[in-house]
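Chemist: Sequence:
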Amino acid sequence: MPELPEVEYGRKVAASVLQGRRIVDVHVDEDPIVVDGVAAVDVERAMRGAKVSAVGRRGKHLWLELDRRPWPTFHFGMTGAFRVPAEAPLILEGGAKTPDMTWPPRFTKIRLRTDRGAELAMTNARRLGRIRLGDDPAREPPIGDLGFDPLVEMPTLAEFRRRLGHRRGVLKAVMLDQTFAAGVGNWIADEVLYQAGLDPRRRIADLDPQEQRALHRHLKGVVNKAVAVDADSRRFPKTWLFHHRWGKNADARTSEGMPIEFVTIAGRTTAWVPDRQR
DNA sequence: CTCAGTGTTCAGTG
DNA sequence: TCACTGAACACTGA
Numbered sequence: 124m125p126e127l128p129e130v131e132y133g134r135k136v137a138a139s140v141l142q143g144r145r146i147v148d149v150h151v152d153e154d155p156i157v158v159d160g161v162a163a164v165d166v167e168r169a170m171r172g173a174k175v176s177a178v179g180r181r182g183k184h185l186w187l188e189l190d191r192r193p194w195p196t197f198h199f200g201m202t203g204a205f206r207v208p209a210e211a212p213l214i215l216e217g218g219a220k221t222p223d224m225t226w227p228p229r230f231t232k233i234r235l236r237t238d239r240g241a242e243l244a245m246t247n248a249r250r251l252g253r254i255r256l257g258d259d260p261a262r263e264p265p266i267g268d269l270g271f272d273p274l275v276e277m278p279t280l281a282e283f284r285r286r287l288g289h290r291r292g293v294l295k296a297v298m299l300d301q302t303f304a305a306g307v308g309n310w311i312a313d314e315v316l317y318q319a320g321l322d323p324r325r326r327i328a329d330l331d332p333q334e335q336r337a338l339h340r341h342l343k344g345v346v347n348k349a350v351a352v353d354a355d356s357r358r359f360p361k362t363w364l365f366h367h368r369w370g371k372n373a374d375a376r377t378s379e380g381m382p383i384e385f386v387t388i389a390g391r392t393t394a395w396v397p398d399r400q401r
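For the first sequence, the numbering used here assigns the number 124 to the initial residue and increments by one for each residue that follows.
By construction, these hints were calculated from the structure, which means they are not laboratory data.
Each hint should be verified, as a subset may be incorrect.
The calculated DSS-like cross-link candidates involving lysine-lysine, where the alpha carbons are at most 25 Å apart (straight line), are [claimed, not checked]:
1. Lys361 x Lys371
2. Lys361 x Lys343
3. Lys371 x Lys220
4. Lys174 x Lys220
5. Lys343 x Lys135
6. Lys135 x Lys371
All values reported here derive from a predicted model rather than from experimental measurement.
Working from the sequences, and respecting the hints, build out all of it.
Modeler: See below:
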């Protein structure tokens, strides 16, 4: 459940179960997603019996704020989600055609239960996710190294321009850089550049003030809108590129009938509309 | 059998 | 130092 809006939805799901509750039982799989010399039992020990005051998020990272240290942190990688029973996942994992409503769901890596009997699971089909422990995760790497979070700490236009001034690279690469804007991933980067009317191959240093303003406005706009609808893509505006970018069809077109091009930039498939992006 | 994918990191090059 | 590329990680279905 990769980008900022999907992770924010995961934060809300976890908070709905955990906030103010005590974790009475937890099972963590011994799996490569548990890293940095941490064993599954270490994560279990950190969580079992602890009371959760809040679920934090910055960019694509989540953590549990407990009444003792260390705190567990979570990253979903290319796939993954926090799940609760009887609630359909936001994104289908493992190439599923229909929502997996079994419990525990396929690809579960962590399961826990609270003093109210509520359950939460973390899934991670492709196992590129990460679980760590930290004494103050928001300030330690990797979370401490992140740039601004566009949902909760979107800079003013003046500050945004100042930060752009420190960057070289092409637009798409800068948008994907987590030390610039935390939580922007492949589809958000493309959506923002599409709405801002900017060619993803352009150099950041070549933007004029109006183009900088468009980038600022649409970054804020796309993230806020996606979060406002709980990252449910069926409720994204019909005009968004998002609805037409998947599958890499040679004849893919926007809602206005403009052809969509697919190129690789910064190592990622980039969907853009030459008729609209300069 | 091959390939790509809503992500990150690391080694190597310029 | 910085920008950039390609590979690696890991899994699944088209």
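Chemist: Work down the list of hints and note, for each, if the structure agrees.
Modeler: Against the structure, the hints:
Pair hint Lys361 plus Lys371 holds up; C-alpha atoms about 19 Å apart against a cutoff of 25 Å. Under the criterion of a C-alpha separation no larger than 25 Å, the hint pairing Lys361 with Lys343 is consistent with the structure, at around 18 Å. Using a Cα cut-off of 25 Å, the hinted pair Lys371 and Lys220 holds, with the two alpha carbons roughly 19 Å apart. Taking the CA atoms of Lys174 and Lys220, the gap is about 37 Å. The hint is violated against a cut of 25 Å.
The suggested pairing of Lys343 with Lys135 holds, with an alpha-carbon distance near 20 Å, which does not exceed 25 Å. Between Lys135 and Lys371 the CA atoms are separated by roughly 32 Å; this puts the pair beyond 25 Å, and the hint is violated.
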